[in-house]
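K.L.:
Start from the sequences and build out the full structure, keeping to the hints where you can.
Numbering (the UniProt record's numbering), first residue to last: 1 to 874.
Calculated directly from the structure, the hints in this document are not laboratory data.
Only a predicted model underlies this, so the values are computations on that prediction, with no experimental measurement involved.
Where a beta carbon is used, it is the ideal one built from N, C-alpha and C, also for glycine.
Among these hints, one or two may not hold up.
[As the list claims (entries may be wrong)] With a straight-line cut-off of 20 Å between C-alpha atoms, the simulated SDA-like cross-links for lysine to any residue are:
hint, residue 1, residue 2
1, Lys423, Gly228
2, Lys615, Ala671
3, Lys406, Ser364
[As the list claims (entries may be wrong)] Now the in silico label distances, taken between C-beta atoms and shown as ranges:
hint, residue 1, residue 2, range
4, Asp3, Ser326, 50 to 60 Å
5, Asp420, Ala443, 24 to 34 Å
6, Leu707, Ile863, 52 to 62 Å
7, Asp448, Ser729, 49 to 59 Å
8, Arg446, Val630, 26 to 36 Å
9, Asp3, Thr55, 14 to 24 Å
10, Gln535, Asp444, 26 to 36 Å
11, Ala835, Tyr617, 36 to 46 Å
12, Ser326, Asn257, 22 to 32 Å
13, Ala443, Leu786, 51 to 61 Å
14, Leu542, Arg446, 42 to 52 Å
15, Leu786, Gly844, 23 to 33 Å
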Amino acid sequence: MTDVRITYGENSRRIANNQVLTIGRGRDNDLMVTDAGASRRHAQLRRTGEQIEVTDLGSSNGTFVNGQRITGPVLVAPGGQIQLGGTDAQPLGVIIRAAAPQAPQQAPQQAPQQAPQRAPQQMGGAATATPGARTAVPAPQQHAGSPQQHAPAAHRTPSGPLPKRRPATASVPQVPSHTGVVFDRYQLHEAMQAPPPGGGHTALSGAAPQVLAPAGPQPGGQRAGMQGVLNIGRGLENEVVVDDLLVSRHHARLVPNGSGFDVQDLGSRNGTYINGQRIGHGRLGEGDLLAVGHSRFTVLRGQLVASIDEGDVNFVANHLSFELGSGKKLLDDISFALEGSSLLAVIGPSGAGKSTLLKALTGSQQATEGEVYYDGRDLYQNFDDLRHRIGVVPQDDVVHRQLTVKQALRFAAELRFPDDLDKHLRDRRVDEVMAELDLTNHADTRVDRLSGGQRKRTSVALELLTRPSLLFLDEPTSGLDPGLDKQVMQTLRGLADGGRTVVVITHSVANLNVCDKVLLLAPGGKVAYFGPPDQLLPFFGLSDHADVFTAVARDPEGSKQRFKASPLEAEQIEAPLSARRPAMRPLEKPPRQQSIGSQLSTLARRHLQVILADKGYTAFMLLLPVVLAVLVMVVPSKHGLATPPPDGINTAEPRVLLVVIIVGALFMGTAASIRELVGERAIFNREKAVGLSPAAYLWSKLAIFGLLTLIQSIVLVLLVLAVKPGPSSAVMFGSPTVELILVTWLTAFSAVALGLLMSSFVTTSEQVMPLLVVSIMTQMVLCGGLFPVDGRPGMEQLSWFTPGRWGYAASVAVVGLQDWIPRGEQYEKWRADVADPLWAHSSGIYMLCLAMMLVLSAVFAAITLRRLSRKNTD
1 MTDVRITYGE NSRRIANNQV LTIGRGRDND LMVTDAGASR RHAQLRRTGE
51 QIEVTDLGSS NGTFVNGQRI TGPVLVAPGG QIQLGGTDAQ PLGVIIRAAA
101 PQAPQQAPQQ APQQAPQRAP QQMGGAATAT PGARTAVPAP QQHAGSPQQH
151 APAAHRTPSG PLPKRRPATA SVPQVPSHTG VVFDRYQLHE AMQAPPPGGG
201 HTALSGAAPQ VLAPAGPQPG GQRAGMQGVL NIGRGLENEV VVDDLLVSRH
251 HARLVPNGSG FDVQDLGSRN GTYINGQRIG HGRLGEGDLL AVGHSRFTVL
301 RGQLVASIDE GDVNFVANHL SFELGSGKKL LDDISFALEG SSLLAVIGPS
351 GAGKSTLLKA LTGSQQATEG EVYYDGRDLY QNFDDLRHRI GVVPQDDVVH
401 RQLTVKQALR FAAELRFPDD LDKHLRDRRV DEVMAELDLT NHADTRVDRL
451 SGGQRKRTSV ALELLTRPSL LFLDEPTSGL DPGLDKQVMQ TLRGLADGGR
501 TVVVITHSVA NLNVCDKVLL LAPGGKVAYF GPPDQLLPFF GLSDHADVFT
551 AVARDPEGSK QRFKASPLEA EQIEAPLSAR RPAMRPLEKP PRQQSIGSQL
601 STLARRHLQV ILADKGYTAF MLLLPVVLAV LVMVVPSKHG LATPPPDGIN
651 TAEPRVLLVV IIVGALFMGT AASIRELVGE RAIFNREKAV GLSPAAYLWS
701 KLAIFGLLTL IQSIVLVLLV LAVKPGPSSA VMFGSPTVEL ILVTWLTAFS
751 AVALGLLMSS FVTTSEQVMP LLVVSIMTQM VLCGGLFPVD GRPGMEQLSW
801 FTPGRWGYAA SVAVVGLQDW IPRGEQYEKW RADVADPLWA HSSGIYMLCL
851 AMMLVLSAVF AAITLRRLSR KNTD
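P.N.:
Right, dumping it as C-alpha cells:
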C-alpha cells in the first residue's frame, strides 16, 4: 500500500484514497494555508489512486499546478506542485512513499504526521538545549541592555518554511498539535533521540522541545518520575522543577495513563490549563497543550514534550472588525502579522479606532469579527492562559502617586505573583525590573516627583514583572516634551530587542524610525498603510506626516482601497487569515493569583500606605472630627444630652446637637470615600485584568475606611462629651458613651459604603462634589431632626433608604428624649414633638437602627461590587 501525502512547508498530511480535502485560508478547511493571495475556501483536493485531483472552488486569484493556472479539475502526480493565488505563493507538494507499519512506539522519522488544522502555522523556533538534572526551569531572561539573542525583526519573514539551523539528519517533519503549538523539527528530532529521564529531577531549558517521559510504561516496567507520577512546581522536591515566579511551589501533578496523562491542579494560584481552559482535573491526550506558567507540555507520539515560552513569539491580527449595535464600524477588516522582538507603532488621526484596536488586540473587548493569534493560539479562546503573557500600559498612569517606585512595584508584585512565593524572590524581581528600565536610582522617589518619562517607565515596570511576551502601550508619550518622547521610544526599542513584541499607539511621529513596522489607520478603523516606517511618506508621495494624516482623514475609504491595491499589501500583510469565527463567547473572569485573604491583606496595606504618604489628606481626615466637635460645642445647650429637670425640658437643644453629630458622621464617611473608586479606576481596571478580585478590592477599602471612621468617631464623640454633658442612662451596653460612639461609627461607615457606590457611577473626580453636597443635604432633611418625617407619605418611606435616618434615630434612642417628658397635659406639646416610634429609649429600637445601617451598608456594597465586577468599568 502506498502513502500519498500533501506537503506544505515543513508540514505534511496523509490523504487516503478517495478522501476529499478542502484547502484555503479559512479555519473551516481541512488544510489551512497562510498565503495572503489564497481565498478563504480556495480549492478541493481528492486522492485518486496515486494522484491528487485538484479543483479550484472559484478563488479570486486562481489555483496553479506546476506553474499553470487551472480552469477545471486537474490530476497532479507525485512530485507535482500546487500553488494558491499565484506562482510566487508557497507551494503544496505531492509526495509518495511506502507506508510504515504501525507500532506501539515509532521512531520520530517513521511517524506519520498531520499538518495543523484550524490554527495558523507557527513561525520561528528557538535555540536547542540539552536536558540536565536537578536544575530549575529558567524563566525567560529579558534585558534591554543584554546581548541580543534574537535576530532583528527586519531580517525575518512572517510566513513560509522555518529557517534551517543545521542540516537535517533525517526527514523529520514539524510536530504540531491541534492547539496551534508547533515544535521545530530539527530540535524535536534531536530531543527525541535522547531517552527520557528515568527519575529524579528534570530540567527544562529554553524554548527548545525536551522529552520528559512516556505516556505509558517504559521497557522493563519502569515509569518516569516517582512511581509514574510527575509533580510540576517551583519547589525542588518536584520531579519537574520550574523556575518561574508565576508557578506555585506545588503546581500540578501528571499521572501516565497509557495514552496520555491525567492532570490534577494542586491548588495553584495562576492555574493549570489544558488547551487554554483552566482545569482542576483533566486529561492530556495526544496533541493537547498543557500550560503551567510560561512552560508548555504536550503529548507527541506517546511522549511528554516540554518547552518554555521565552517571549520571542509571533502575533497575528486576523480580519478584525468591530461594529456597534447601531451599525457603525469602528474597525474595518484589520489584518497584520508581527514577528517576535519587533516594535509596531499604530498611528492615525483622531477617530481612527486606535484605542478600539488596542482593546481588541489585548482581549479586553473582543472584536465582533475576526481572531487574534498568540503564537498560533486563539487569544480569545485561550485568554485565561495567555493573559499573563500580555502587558498593557494604558494612557493614564496606573501607579499610586503617593507611593515610591519601589513601594508601588512591590505591592504590584504581591498581587501578581502566587502568595506562596518568598518575599525575597518578589523583591529580587522588582530590583531586576527597575534595573532594566533604569529606575534603580529612583527607587525611593515618590511617583508624583518623577518626570513624565520616569512615571511612564514605572507603569511599564508593573507590566514587566511577569515577563510578558507582548507589551501594548496606549499613548505613552502623550504630554511629554520631544526629548522625553525620544527616551520613551528608545526604551520601547530596547524592550523589543530584549525579546518582546511591543505595540505602541501614538500620535507622535517624530521617532517612528525606531519602529520595525507602522500601521496607519484611517477614520473608521481602515488600514491605510502597513509596512516599514521609511516607506510611509514615499507611499503617499508626501514629505510631511501631517499631510498624510490630512489625506487619509479626507478620504478614508479611498486610502484603504489604495493600500489594498498596492504591492505593499501582499508583501507586508502575510498573517494567517481565517474566516469569521462562528460564535463569540464572553471572556471568563481571570483567575486570581492569590487567595482572597492574601489580596485583601496586600490591598489594605497598600491603601493604608497611600493614605499615610499623603500628609495633607491624613491631616485633613484627622482634623475633621476635631472641627466637627468644635461646631457641636458652639451649639447653645444648657444641659447637653443629659436628662434635664422637669422645669427645664427643652428637646430642641439635644436634637440640634445630635443633628450636627450625625450629619458630621455622614460627612466624614462620604468625604473619605467618594473620590476613591473614580480616582483609581485606571489602576483597578488594569489589576482586574490580571486577576485582581473586585471583592478583595472593595473589602480592602471598606476595612481601611472602617478603621479610619472608627478613630474619627471616637475623637468626635469624646471631644463633644468633654464639653457637653452626655446621656444620662445607657440603652443596651451599659455605657451611653460607647453606645453613642457605636452609632456615630456605623453612620459614618454606612456613608462610606454610599460614597463608594456614588464613586462607582461618576466618570471624573470633578463630578463627586455635587453628589457629596446633594447626599449630605438630602440626609440632613430626611433624618427627622429638623422636622418630623414620621407619618409623612413618601418622605418617610424615602428616609428608610438613608443612613442618616437610622443613625439619628439610634442616637435619639440613646439619649432617651421620650423618657424626659413627664405625664400631664402641660407636656403634651413636648410629647408630640418626640413621638417618632423610632426614637424610643429601648434596646429593641436601638438594635433595629444599628441593623438597618448594616443592611444599607451591605446593599450599597453589593451594588458597588456588581459594578466593579462588570467587564468594563469605565
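K.L.:
Could you run down the list of hints and mark each one as holding or not?
P.N.:
Status of the hints after comparison with the structure:
Restraint check for Lys423 and Gly228: the C-alpha separation of about 33 Å exceeds 20 Å, so the hint is violated. The hinted pair formed by Lys615 and Ala671 meets the criterion: a straight-line CA distance of about 16 Å does not exceed 20 Å. Between Lys406 and Ser364 the CA atoms are separated by roughly 28 Å; this puts the pair beyond 20 Å, and the hint is violated. Between Asp3 and Ser326 the beta carbon distance is about 55 Å. The supplied range of 50 to 60 Å therefore holds.
Under the hint 24 to 34 Å, the C-beta atoms of Asp420 and Ala443, about 26 Å apart, fit the expected range. Taking the beta carbon of each, Leu707 and Ile863 are about 23 Å apart, not inside 52 to 62 Å as hinted. Taken as a hint, the range 49 to 59 Å holds for the pair Asp448 and Ser729, whose Cβ atoms sit roughly 52 Å apart. The hinted range of 26 to 36 Å is satisfied by Arg446 and Val630, whose Cβ atoms lie roughly 33 Å apart.
Between Asp3 and Thr55 the CB atoms are about 23 Å apart, so this pair conforms to the stated range of 14 to 24 Å. Distance hint check for Gln535 and Asp444: the Cβ-Cβ separation is about 46 Å, which falls outside the suggested range of 26 to 36 Å. Restraint check, Ala835 to Tyr617: a C-beta distance of roughly 43 Å satisfies the suggested window 36 to 46 Å. Taken as a hint, the range 22 to 32 Å is violated for the pair Ser326 and Asn257, whose Cβ atoms sit roughly 53 Å apart.
A C-beta distance of roughly 54 Å is found between Ala443 and Leu786, which places it inside the suggested range of 51 to 61 Å. Taking the beta carbon of each, Leu542 and Arg446 are about 45 Å apart, inside 42 to 52 Å as hinted. At about 26 Å, the beta-carbon gap between Leu786 and Gly844 stays in the expected band of 23 to 33 Å.
Of the numbered hints given earlier, the model fails hints 1, 3, 6, 10 and 12; all others are met.
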